[in-house]
Amino acid sequence: MSWFAGLLGPWRGFAVTLRQMFRPKVTTQYPEEKRVKPQRFHGRHVLNRYPDGMEKCIGCELCAGVCPARCIYVRGADNPPEDPVSPGERFGYVYEINMLRCIFCALCVEACPTEAITMTHLFEMSVTSREDAIYTKDELLVEPDGTPRHPQPEGPLVDLDELRRGHGWLRATAPSGRAAYEGIVAWTPSATYGEPPPERGQAGVTDETDGES
Amino acid sequence: MTERILTARMEAHPADSHTLARYEATGGYTALRKALGEMSPADVAAEVKASNLRGRGGAGFPTGVKWGFLPEDLRPRYLVVNADESEPGTFKDRILLERDPHQLVEGIALASYALDVHHAFVYVRGEYPKPARRLQRAVDEAYEAGYLGTNILGSGFDLEVTIHLGAGAYICGEETALLNSLEGRRGEPRIKPPFPAVAGLYAKPTIVNNVETISTVPWIVAHGGRAYAAIGPERSCGTRLFSLSGHVNRPGDYEIVMGMTWRDLIFDVGGGIPDGKALKAWIPGGASAPWFVPDEHLDTFVTIDDCAAAGSMLGSGAVVVMDETTDVVAAAHRIVKFFAHESCGQCTPCREGTTWMERILWRILHGEGRPADLDLLLDVADNISPGLRWPPAMTTICPLGPSAVSPITSIMRYFRDEVEAKITRGATVG
Amino acid sequence: MADAPDQVSITLDGRVVEVPRGALLIAAAIEAGTYIPHFCWHPRMKPVGMCRMCLVEIDTPRGKMLTTSCTTPVADGMVVETSSPVVKKAQEGVIEFLLINHPLDCPVCDKGGECPLQDQTLAYGPGDGRFVEEKRHYPKPIPISDLVALDRERCILCARCTRFSEEISGDPLIEFVDRGNHVEVNTFPNHPFTSYFSGNTVQICPVGALTARPYRFRARPWDLEAVEAVSTVDSVHSKVSLEASMNEIVRISGVDCDPTNQGWLSDKDRFVYEHLLADDRVVVPLIANGDGFREASWGEAVGLAASRLADLGGAVAGLGGARSTNEDAYVFSRFLRGVVGTPHLDAQLDDGLAPEFAAAVEPRALIDDLDDADAILLWGPDLKEELPVLYLRVRKAATAGAKLVVVHPRRTGLDDVAAHTIRYRPGEGPALLRRLAAGEGDLAEARDALGAGKVVALVGRPGLAEPAELAEAVAAFALTLDDARILPLVRRGNVFGALDMGLAPTLLPGRVSVDDAERRRALAARWGSLPDGVGMGATDILEAAASGRIGALVLLGVDPVRDHPRPDLARRALERAFVVALDLFVTDSTRHADVVLPVAGLGEIQGTVTNLEGRVQKLNRVVPPPGQARPAWSILDDLAAALGSELEADAVEKIFEELATLAPAYEGLTWDRFDWAEGRDGVVVPLEGVTPPLRHVPSDPGLAVVSERPALHLARVLYDDGVLVRHCPSLASLAPEAAAHLHPRDASVLAVREGDRVRLEGVGVVELPVVLDPTLAEGTVYVPFNLAETAALGAVPSVRIDVVREAGS
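Residue numbers (the working numbering), protein chains in the order written: chain V, 105 to 317; chain W, 31 to 460; chain A, 102 to 910.
Hints listed in this document are in silico derivations from the structure and should not be mistaken for laboratory results. Note that the structure is predicted; figures quoted are calculated from it, not measured. One or more of the hints may lead you astray.
What the hints assert, rightly or not - Think about it this way: if two alpha-carbon atoms lie no more than 30 Å apart in a straight line, the pair counts; the simulated BS3-like pairs of lysine-lysine are:
1) W:160 / W:367
2) A:497 / W:367
3) W:234 / A:147
4) W:222 / A:755
5) A:165 / W:222
6) W:64 / W:222
7) A:190 / W:367
8) W:234 / W:222
What the hints assert, rightly or not - Sample of chain A residues with no beta-carbon within 10 Å of chain V, all distances over it, derived:
9) 174
10) 206
11) 208
12) 209
13) 242
14) 323
15) 324
16) 363
17) 390
18) 412
19) 673
20) 782
21) 809
22) 855
23) 878
As the list claims (entries may be wrong) - Cβ-to-Cβ under 8 Å is the rule here; a few derived chain W residues that face chain A:
24) 199
25) 210
26) 213
27) 225
28) 303
29) 371
30) 372
31) 376
32) 379
33) 381
34) 413
35) 419
36) 421
37) 427
Ideal Cβ positions, reconstructed from N, Cα and C, are used throughout, including at glycine.
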């Protein structure tokens, strides 16, 4: 029997191929086409501002402290009283992330007491030198109007719109994960984008109403 | 019940009972003459011990026993008279200072003689300018007449008396805080032990007694300790001044022999409640004492031990009567606010806790209370005075913090429904 | 029940433990392994029982009672519960109370991450707060001094800072204000918290209420890398932890080392790290070029230095080493004697004491001897200004009951706690000593105080204008007492270590006399050769250099122009000689150098140092030296190699091993011993070898310097214009105003008032404003040493004073 089965084997293989030819294709024509990423996708970080333009980062270094890859370097400084950068005494004077080391675990986002650092959907960050992989505060911080910055111009490989998506996963953890807080947006969104919409499981959102808005 | 020991003179001679002439004319300074002439210091102390006199400042500790705590071999010793009478509703020491200061001066001289003290201090409440003036005049007169100073009445006994005016802190009525204040430090209670009798003023052995206690000493020396002990019930002997205030027809200071019932005190002595209203509650011994209510306590005897057994105290003898129209939450709030204001700020539970309780009561009073506030209030109180029992346990150095708990436990025990109604129905004031 | 007489047994949570009799319950429990949370209690201060965090339940005849364990001494048979439900409830209550008015701004708070309030909230707190009202608010941090900022919102009112300043440092400039819920810590109006010890309050603050302004927002606790070391600011050698972030030392904290600092530091110890980060630090070798310097390679600089030194043969001298480690000093000693072949070397600049006396006077007191001394004689510098941590130890002993006799030309920091204070005019010291020894007149009581029991004599130079021999005379007097020990006071960093390493013309390494033939043989065998004869001391060296008899000077971390009593002489010497300087900075002295070689500083090198009681402790390294700076021993090794000799100094452990075999006092010490167990507190090396010459007895008339002119009292202040302080931005501004201090009666004779200007003529001439000082001995003018305006004056016994009259007045 075994010799006969061996003879059939290749045909079985061809059958798989044949079957697949008629199935819908999953290949996307990256970079011309891009997939919609899950809402909690861990992409490039941004540093947010309050609606009045103040920076949210207070330079507390908790993100740097929690970072398992030790890729964040923060230094705080005294806020100039007459022209404060952030509310309170201290602001993030230096903020750098080495994206070559970053493992996109989002512990920095989790640790941040002011929700200054959040993650977006942008993942295309190829660079031609190691130095360029270190994102400084200039690149990470959103514009006073809330527009995110990126070192590279918008193009086939860089969809800056992805920088405007994100935040979503925060709702699952804040503040303290109690059922009583479900649906209550308990953080200040970044300047441009208003309140993020509720997520699945929150405030009566069902699968039908869920989705990218 | 007509016995008058402390107030006989001021009642008989209201115009000039505070003068040396009147004092001498009514038998003043005879006890001092007798003591310096015929008695040894030990004899005087023995008479006081035999009198079973219990301290009138609040704690009711036997005075003779307290005097016995002084270490034999340490000199100098100091006597400090606590005239920092500042508990709300208390005004008994005031009339003694104002109307019969020489009685106190003679008492100081006698006590100092008994204790081998050569420098005595009187710490008078800062808000008592007139009593302080009268007392100072009396002391000056006594110096001039040779009842104070060096070689008093030719006996070779020397005594300096210094009057010190406080600066407006209730906490300085606590004896160790008083000593700190007298030394020029912040008026904060000290940790005991050591007790003042061992290390008090300037770290020397010190006896701190109340004005009323010391004012009683001349009578005891003149008439003998046994005579005093024979007045009234055995363990609460002698007469005692009560400051009656609030909703009574005849408020004021009354010197009574202990042993009558509260019904007698409020309705006979105080003349009952105005306008025929019903009695709701009364504070038996100053703002820090848990309250009494008519259903349970009207027939309780007015003695130190009976009141303690009933879960309160005679304390400073301030009786505040509340009729049926009283808002108990407002009353409790007012008392807690007093203690929060007067906390010295040393111990965390008292400093933060009294203010917190005051704010919760304010909220309830102003219709902003939440159902959880009742348990919260009791739990905060419990964190200051664990177990909420009487006499209070404390997480603090001195009893001021636990004192603020008394009105709260009282209203929660007797008037919980009224407090709850405030939370469910909203504000009644403001 | 306990067997040992000094032990009692208590039951701690059901466990029977033996604890020292008389100990406080909290200390005994923590020692026995049961931690009791606390905020206000500090093991080095008296308990106050204010925070109520340390409540425990104790069985009493009246039932279980909640009591603060910090105010309760242990008693035999005591039964204690530290975690019963009642105790836990009380702890949770206290934490909740503390937090209701705490701003919880931990992310921006410097204490966040190392905060006792955070830690104990996590461990003992209720986990939730029920306080819904508005918290107490104050303006955010207010500067209460140049070094300390106060945030009253964060304060939990534990009174550690106020008690420290009253009880420990003796300058109560910070107190509680108001009462009840309004209590706040603050300074008195218009009196900043200008204590020399203010940094300690920052360290003991259990929250972030007091923060150090130089450290503010510089780093977070979790990115600090720390090593143990000792402070080499002065010769007490307080134990510190050097804390660095991103390869920069950003903080120095005190470490509780029982025999020395007991946890405390002076602010100079604490903030001196700033000089390491100074912009003008020398980080590459420099060679003189016209008026300035040019950068050079190590090869060129060392080659140039070596060729000039070789040309000069033995006409070379070495100065310095008192700020270096023992290893640097040893290699310097070997380099000068064994390689260059000169006997002329001195670690001191004639501003200290005789080397044999300082290194080996017997019987030597330990700092710990102060604690059980019956009397303390202090005849020397104002400890608060020169050895501040020793000041704290003397103050502690004096407040505990030791009779302190202070002899000084003016008021000192210790006068408050002294039993007897004696003033004298500089120059009249010997006469005063004679009268004190005899107990004449008003000195009888002070003499009696010294007459009984154990006496510790702290002897040094009260001022630089007084001769070093006076200290020896005082020591000689002290030794006539029954039970006296001597602690010689010399200030500079590792001067005792440098003397132990033979950096003195009369000493060889290990406190050995230079005449000791046996030791000379041993050294010569190892070093190759040893020059004959006793060399010159610092002043002679400078004179020889100024006159050309010495052709070259090698300076190791020394600034003779600023520190020598005769600044003019130092300047002339350095201008004329070929100078090779190993230093951190271009200073007033190294400015005249021909070659400046950059050395590594505190925290950049390992090594051992020896303090004034002979305690050897280890310095660890936490950051790399900047630029091309290197340890001095390594530079000297290169220089020796360029001169054709081999020092074999290629690792600091090896140098230590070599000095531990060749220096008798250090025999048997091993490098690892300082890292473990008791060795972490250092090892006191025994006194051997040199019999100190107590050359002067009190009656020696040669000491009497009495002049008709005003005597000069020239003494150091903590913050001067020295190299280190000048390069610490936080400290430099704290230097006092330069002034000529006069007794009011002397001032009235001169018809000057406070603020008038006078011209003082000593070695040089300086013009200073007058400050009236009624505590100063009459006939004396006091001038702080080494401030920019006073540097030229020089140390002379007496000065000429001219009043500067404004034109037209």
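Status of each hint after checking the structure:
1. W:160 / W:367: Satisfied, since the Cα-Cα distance of roughly 27 Å is no more than 30 Å.
2. A:497 / W:367: violated (43 Å)
3. W:234 / A:147: holds (19 Å)
4. W:222 / A:755: violated (59 Å)
5. A:165 / W:222: Holds, because 17 Å separates the two Cα atoms, which is no more than 30 Å.
6. W:64 / W:222: violated (37 Å)
7. A:190 / W:367: Judged against 30 Å, a Cα distance of about 25 Å means the pair holds.
8. W:234 / W:222: Holds: residue 234 of chain W and residue 222 of chain W sit about 14 Å apart, inside 30 Å.
9. 174: holds (42 Å)
10. 206: Per Cβ check, residue 206 of chain A is inside 10 Å of chain V; nearest 7 Å; violated.
11. 208: violated (4 Å)
12. 209: Contrary to the label, residue 209 of chain A does not stay out of reach of chain V, its closest Cβ about 4 Å off (not over 10 Å).
13. 242: violated (7 Å)
14. 323: Label violated. Min Cβ-Cβ 5 Å, cutoff 10 Å.
15. 324: violated (7 Å)
16. 363: At about 32 Å from chain V, residue 363 of chain A clears the 10 Å cut-off, so the statement holds.
17. 390: Answer for residue 390 of chain A: holds, closest chain V Cβ roughly 36 Å.
18. 412: holds (50 Å)
19. 673: Nearest chain V Cβ is 47 Å from residue 673 of chain A, so the label holds.
20. 782: The claim holds: residue 782 of chain A sits with its nearest Cβ about 32 Å from chain V, beyond 10 Å.
21. 809: The claim stands: residue 809 of chain A keeps its Cβ more than 10 Å from every Cβ of chain V (closest is about 57 Å).
22. 855: holds (37 Å)
23. 878: With a cut-off of 10 Å, residue 878 of chain A remains clear of chain V, as the shortest Cβ separation is near 47 Å.
24. 199: Residue 199 of chain W check passes; min Cβ-Cβ to chain A is 7 Å, inside 8 Å.
25. 210: Interface hint status for residue 210 of chain W: violated (12 Å vs cutoff 8 Å).
26. 213: violated (14 Å)
27. 225: Where the cut-off is 8 Å and the nearest Cβ of chain A is about 14 Å from residue 225 of chain W, the hint is violated.
28. 303: violated (35 Å)
29. 371: Status holds, d = 6 Å.
30. 372: At 7 Å from the nearest chain A Cβ, residue 372 of chain W passes the 8 Å test, so the hint holds.
31. 376: Holds, about 5 Å.
32. 379: Holds. Min distance 6 Å.
33. 381: OK, holds: residue 381 of chain W within 8 Å of chain A, min 6 Å.
34. 413: Holds, because the Cβ-Cβ distance from residue 413 of chain W to chain A comes to roughly 3 Å (cut-off 8 Å).
35. 419: violated (11 Å)
36. 421: violated (10 Å)
37. 427: Hint holds; residue 427 of chain W Cβ to chain A Cβ min 6 Å, cut 8 Å.
Violated hints, in rising order: 2, 4, 6, 10, 11, 12, 13, 14, 15, 25, 26, 27, 28, 35, 36; the structure is consistent with all others.
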